[in-house]
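> Spelled out from the first residue to the last, the chains are:
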Amino acid sequence: MEKFHTILSSAVPLPIEEVDTDQIIPARFLKATTREGFGDNLFCDWRFHPDGSPKADFVLNNPVYSGQVLVAGRNFGCGSSREHAAWALSGYGFRVVVSSFFADIFRGNALNNGLLPVQVSDSFLHAIFSAIEANPKAMFEVNLENQAFTIISTGQSEHFEISPYKKMCLLNGYDDIDFLLSLKDKVASFEQGHEKVLIQ
Amino acid sequence: MGKTLFDKIWDAHVVTQVEGGADVLYIDRHFIHEVTSPQAFDGLRARQIPVLRPRQTVATADHNVPTRGQHLPISEQLSRFQVEKLTENCTEFGLELYGLGHHYQGIVHVIGPELGITRPGMTIVCGDSHTSTHGAFGCIAFGIGTSEVEQVLATQCVLQKKPRRMRITIDGQLQQGVLSKDIILYIISKLTASGGTGHFVEYAGSAIRSLSMEARMTICNMSIEMGARGGLIAPDETAFDYIRGRAFAPQGEDFEAAVEYWRTLYSDEDAVFDTEHRFRAEDIEPMVTYGTNPGMGIGISQAVPDVPAGSSEQTFQKSLSYMGLHSGEKMAGKPVNYVFIGSCTNSRIEDLRLVAAFVKGKKKADNVYAMVVPGSKQVEAQAKAEGLDLIFQQAGFDFREPGCSACLGMNEDKIPKGEYCVSTSNRNFEGRQGPGARTILASPLTAAATAIAGRIVDVRDTLN
Ligand code: SF4
Chain P
66 MEKFHTILSS
76 AVPLPIEEVD
86 TDQIIPARFL
96 KATTREGFGD
106 NLFCDWRFHP
116 DGSPKADFVL
126 NNPVYSGQVL
136 VAGRNFGCGS
146 SREHAAWALS
156 GYGFRVVVSS
166 FFADIFRGNA
176 LNNGLLPVQV
186 SDSFLHAIFS
196 AIEANPKAMF
206 EVNLENQAFT
216 IISTGQSEHF
226 EISPYKKMCL
236 LNGYDDIDFL
246 LSLKDKVASF
256 EQGHEKVLIQ
Chain W
9 MGKTLFDKIW
19 DAHVVTQVEG
29 GADVLYIDRH
39 FIHEVTSPQA
49 FDGLRARQIP
59 VLRPRQTVAT
69 ADHNVPTRGQ
79 HLPISEQLSR
89 FQVEKLTENC
99 TEFGLELYGL
109 GHHYQGIVHV
119 IGPELGITRP
129 GMTIVCGDSH
139 TSTHGAFGCI
149 AFGIGTSEVE
159 QVLATQCVLQ
169 KKPRRMRITI
179 DGQLQQGVLS
189 KDIILYIISK
199 LTASGGTGHF
209 VEYAGSAIRS
219 LSMEARMTIC
229 NMSIEMGARG
239 GLIAPDETAF
249 DYIRGRAFAP
259 QGEDFEAAVE
269 YWRTLYSDED
279 AVFDTEHRFR
289 AEDIEPMVTY
299 GTNPGMGIGI
309 SQAVPDVPAG
319 SSEQTFQKSL
329 SYMGLHSGEK
339 MAGKPVNYVF
349 IGSCTNSRIE
359 DLRLVAAFVK
369 GKKKADNVYA
379 MVVPGSKQVE
389 AQAKAEGLDL
399 IFQQAGFDFR
409 EPGCSACLGM
419 NEDKIPKGEY
429 CVSTSNRNFE
439 GRQGPGARTI
449 LASPLTAAAT
459 AIAGRIVDVR
469 DTLN
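Chains as they are written, first to last, in the working numbering: chain P, 66 to 265; chain W, 9 to 472.
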């Protein structure tokens with residue numbers, strides 16, 4: 066996994082709530098057997114007409130907006146557990162998703178793929194949208210080390226939560242498997258004392 | 009202080025804790041399917057490591073498979089490739105596969121319970137959010153992403169932050185024509201699509217206790233639709249009777265010993281939940297959804313509401329315009345051309361029996377295409393043995409072969425753009441059943457009655 070450094074970027078606004086993973090990447094694109102290429106179909110049905118031409122009114126097709134940060138309404142990533150949603154977002158070029166609320170499985174999937182979910186208060190989310198509305202090129206700083214998200218133009222900043230373990234993983238580019246593999250002996254001894262009916 | 013059922017099972021599976029609060033959770037059973045597993049196997053190959061406990065993982069092909077002509081090669085190339093990849097991976101890593109053509113094949117959340125692989129007290133994961141279904145047996149079952157599938161294959165563990173505990177109690181007697189699907193749609197409509205986030209839900213109360221295992225599975229299945237990690241129900245005689253004698257259940261003395269252990273699995277009287285909700289069974293009507301998430305549901309006698317508190321006008325209007333509906337409109341009476349009876353929510357033998365009993369001697373409306381997709385090969389065989397297939401045929405319903413089918417439209421089974429489909433599945437997201445398709449979630453009875461009438465009906469009016 067790529068190490069996560071501090072990011073200074075403009076942001077793409079998606080002020081819609083309950084964005085489910087079927088919208089992020091529709092099921093018909095889940096037939097690939099690798100992690101690559103999902104970015105091309107990110108938000109496919111919102112982004113393209115059935116004939117493949119771009120829908121002018123969708124934010125990703127508006128050249129005014131760009132950046133590594135996606136800002137969305139509450140309960141982002143609900144629905145299916147498909148990790149393809151995280152692959153599509155990072156494949157497209159996002160490194161951070163900001164919302165006032167994330168669905169649990171999506172949050173885990175994002176973290177496992179070096180995509181940082183930043184959960185902020187409703188009022189701060191509103192402030193971010195306003196900053197982008199005032200200036201589509203408004204810049205934001207995402208500092209994982211300090212767990213701070215800052216609106217550069219106004220200087221407003223909010224602290225965000227992340228587990229110390231996940232933070233360490235992102236900063237160093239480690240993944241969970243390396244860690245779990247190192248527990249092999251512990252797992253074996255756990256199995257010794259485990260209720261037999263459960264594993265047979 | 010006493011412990012909740014959830015805590016009892018979770019705590020018995022913690023191998024060790026990580027600084028900062030995550031637990032290394034041991035996984036008893038792991039189910040995999042063709043869509044969310046290929047990248048995980050690539051990961052194992054890249055690290056040159058085997059599957060740690062191959063006997064604890066079971067595979068099936070369900071999401072992509074055609075529901076007609078399953079004896080033939082899959083004609084859609086990408087689907088065929090993905091299903092073949094699963095076969096190759098299972099062979100290479102020594103995993104049991106109930107693939108296409110196998111008499112145990114079916115939707116992963118239907119086959120686990122019916123084979124007796126799903127049992128009380130277990131931890132169960134699958135790269136699929138509806139893994140919550142298995143919780144009906146009193147186990148901790150939840151969906152995971154592909155990176156976690158790889159973790160489980162490699163180490164039989166996942167790293168998880170322990171969720172909070174929620175209890176939802178439903179006491180009382182259900183009205184006639186109201187099914188467990190209506191109970192869960194009602195709960196989600198009250199708590200919203202994110203009301204359970206961060207929680208694991210225990211369903212309790214006399215209305216839950218009186219349900220069959222199939223009906224309990226329908227409820228636990230949709231726990232994820234209110235954002236909960238999973239849902240579970242304390243195992244009782246109904247559960248033990250269901251498991252007894254199934255292909256992979258413990259047999260004879262082993263079974264008796266297991267039951268003794270399973271009887272210890274309940275929430276203690278003085279256990280404390282982080283969140284509690286109570287509902288009365290009598291208040292629940294047959295439910296339908298009107299919007300594009302499962303929280304947007306109403307009783308059949310009600311009208312599409314105005315923007316509910318807590319949602320934004322923009323999101324709500326976007327949803328209604330996708331559905332071609334407006335506030336104040338009634339769902340009952342709306343003409344519908346498609347009916348889908350299937351999915352891991354409602355494709356078990358009990359669902360098919362209910363539908364068959366209702367449509368027997370009746371005919372579907374001319375405007376309707378109605379499909380019945382059994383959840384597994386075993387459900388299909390049982391339905392045929394009971395002559396349900398003939399009843400469906402005579403009623404003009406299309407009885408197909410098992411798979412996820414129009415629940416997510418990864419195979420050919422899609423609903424055309426702009427069409428309404430009354431569906432027994434679990435998600436009404438935009439495009440879920442095909443680009444532009446408009447899904448109305450309902451119980452199998454409401455779906456069957458809609459197919460006969462050609463429009464949405466209050467099934468209570470057609471009973472008696
Ligand atoms: S039936 Fe639908 S919800 Fe269930 S596993 Fe298949 S695709 Fe998922």
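I should point out that these hints are in silico values taken from the structure, not numbers from a laboratory. Treat the hints loosely; a few may be bogus.
[Claimed, not checked] Pair by pair, the computed Cβ-Cβ distance ranges are:
#	chain 1	residue 1	chain 2	residue 2	range
1	P	A213	W	P316	26 to 36 Å
2	W	A20	P	H191	15 to 25 Å
3	W	R76	P	A192	49 to 59 Å
4	W	T24	P	K68	20 to 30 Å
5	P	H114	W	E245	53 to 63 Å
6	P	D116	W	V280	48 to 58 Å
7	W	G336	P	S74	26 to 36 Å
[To be verified] Under the rule of at most 27 Å between Cα atoms (straight-line distance), these lysine-lysine pairs were calculated in the BS3-like manner:
#	chain 1	residue 1	chain 2	residue 2
8	P	K261	W	K16
9	P	K249	W	K170
10	P	K261	P	K249
11	P	K251	W	K11
12	P	K68	W	K11
Cβ atoms here follow ideal geometry from the backbone N, Cα and C, with glycine treated the same way.
> Now tell me, hint by hint, if it's right for this structure.
Tested hints:
no., hint, verdict
1, A213(P) / P316(W): 26 to 36 Å, "holds, 34 Å"
2, A20(W) / H191(P): 15 to 25 Å, "violated, 44 Å"
3, R76(W) / A192(P): 49 to 59 Å, "holds, 54 Å"
4, T24(W) / K68(P): 20 to 30 Å, "holds, 26 Å"
5, H114(P) / E245(W): 53 to 63 Å, "holds, 56 Å"
6, D116(P) / V280(W): 48 to 58 Å, "holds, 57 Å"
7, G336(W) / S74(P): 26 to 36 Å, "violated, 44 Å"
8, K261(P) / K16(W), "holds, 16 Å"
9, K249(P) / K170(W), "holds, 22 Å"
10, K261(P) / K249(P), "holds, 19 Å"
11, K251(P) / K11(W), "holds, 25 Å"
12, K68(P) / K11(W), "violated, 41 Å"
In summary, the structure is inconsistent with hints 2, 7, 12 from the numbered list given earlier, while agreeing with the others.
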